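J.: Now for the letters of each chain:
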Amino acid sequence: EAGVAQSPRYKIIEKRQSVAFWCNPISGHATLYWYQQILGQGPKLLIQFQNNGVVDDSQLPKDRFSAERLKGVDSTLKIQPAKLEDSAVYLCASSRTGGLLQPQHFGDGTRLSIL
Amino acid sequence: AQSVSQHNHHVILSEAASLELGCNYSYGGTVNLFWYVQYPGQHLQLLLKYFSGDPLVKGIKGFEAEFIKSKFSFNLRKPSVQWSDTAEYFCAVGSNTGNQFYFGTGTSLTVIP
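Those protein sequence lines, which keep their order, are chains A and B.
Quick note: the first sequence uses my numbering, first residue 600, plus one each step.
Quick note: the second sequence uses my numbering, first residue -3, plus one each step.
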């Protein structure tokens, strides 16, 4: 089966600019996750979708980050405006059914650098 | 709040050596434990998981992990490592409600042929 697709692979922007990341999960996977991985740290869960509804976004900095999954398939994560501390790899993952206890399938991530 | 500690940041072993990577967690309720692996140039993938039952769980590629509740630990082991085991290893813990999930900081393993 095709894996989780993410784009772009790399993005460089200046602080205060906006940026968006796109994720296409594995076909048939109902649950989609966005993680932030800062250099030297493990991935941090930002938001979890079940179909097109948000299950949990308690760790999403909502003053600048937003995410949507309008049709229950693709998802976008946006940062507006970006800060220097947002430099990280943004990972998307999906699982077949609901819940973080199911095996998660990860994409290759988008590496974001803020100048 | 939950937390996961991986005390070994970088481990270097020769082929055929035995491996043990430490993982300790902090959580007040029932937990579910995972090890994920990221090989060079590849994405994160599940190595093994523990939900309940036998505390010794076996995963892919000869890896196993033991859940010791009294020590809040879930260490990863392999009796004889290969060069192809070179990777970043992440321990993770999930709440029983399934809406909280935390990764450790990872351990980089380098196996020298």
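Simulated from the structure, these hints should not be mistaken for laboratory data.
It is possible that part of the hints are untrue.
[Stated by the list, open to error] Calculated lysine-lysine pairs in the BS3-like style (CA-CA distance at most 27 Å, straight line):
no.: 1; chain 1: A; residue 1: K614; chain 2: A; residue 2: K670
no.: 2; chain 1: B; residue 1: K54; chain 2: A; residue 2: K643
no.: 3; chain 1: B; residue 1: K67; chain 2: B; residue 2: K54
no.: 4; chain 1: A; residue 1: K643; chain 2: A; residue 2: K661
no.: 5; chain 1: B; residue 1: K67; chain 2: A; residue 2: K670
no.: 6; chain 1: B; residue 1: K54; chain 2: B; residue 2: K74
no.: 7; chain 1: B; residue 1: K57; chain 2: B; residue 2: K67
no.: 8; chain 1: B; residue 1: K65; chain 2: A; residue 2: K643
no.: 9; chain 1: A; residue 1: K661; chain 2: B; residue 2: K74
no.: 10; chain 1: A; residue 1: K682; chain 2: A; residue 2: K610
no.: 11; chain 1: A; residue 1: K610; chain 2: A; residue 2: K643
[As the list claims (entries may be wrong)] Counterexamples of contact, computed for chain A against chain B with all Cβ distances above 10 Å:
no.: 12; residue: A619
no.: 13; residue: K661
no.: 14; residue: Q679
no.: 15; residue: Q703
None of the values given here were measured: they were computed from a predicted structure.
From the three backbone atoms N, C-alpha and C, an ideal C-beta is built for every residue, glycine too.
J.: All hints, please: hold or fail.
T.: Hints and how they fare:
{"no.": "1", "hint": "A:K614 / A:K670", "in the structure": "31 Å, violated"}
{"no.": "2", "hint": "B:K54 / A:K643", "in the structure": "26 Å, holds"}
{"no.": "3", "hint": "B:K67 / B:K54", "in the structure": "20 Å, holds"}
{"no.": "4", "hint": "A:K643 / A:K661", "in the structure": "15 Å, holds"}
{"no.": "5", "hint": "B:K67 / A:K670", "in the structure": "44 Å, violated"}
{"no.": "6", "hint": "B:K54 / B:K74", "in the structure": "10 Å, holds"}
{"no.": "7", "hint": "B:K57 / B:K67", "in the structure": "26 Å, holds"}
{"no.": "8", "hint": "B:K65 / A:K643", "in the structure": "24 Å, holds"}
{"no.": "9", "hint": "A:K661 / B:K74", "in the structure": "42 Å, violated"}
{"no.": "10", "hint": "A:K682 / A:K610", "in the structure": "14 Å, holds"}
{"no.": "11", "hint": "A:K610 / A:K643", "in the structure": "19 Å, holds"}
{"no.": "12", "hint": "A619", "in the structure": "21 Å, holds"}
{"no.": "13", "hint": "K661", "in the structure": "17 Å, holds"}
{"no.": "14", "hint": "Q679", "in the structure": "26 Å, holds"}
{"no.": "15", "hint": "Q703", "in the structure": "7 Å, violated"}
The structure fails to meet hints 1, 5, 9, 15 from the earlier list, while all remaining hints are met.
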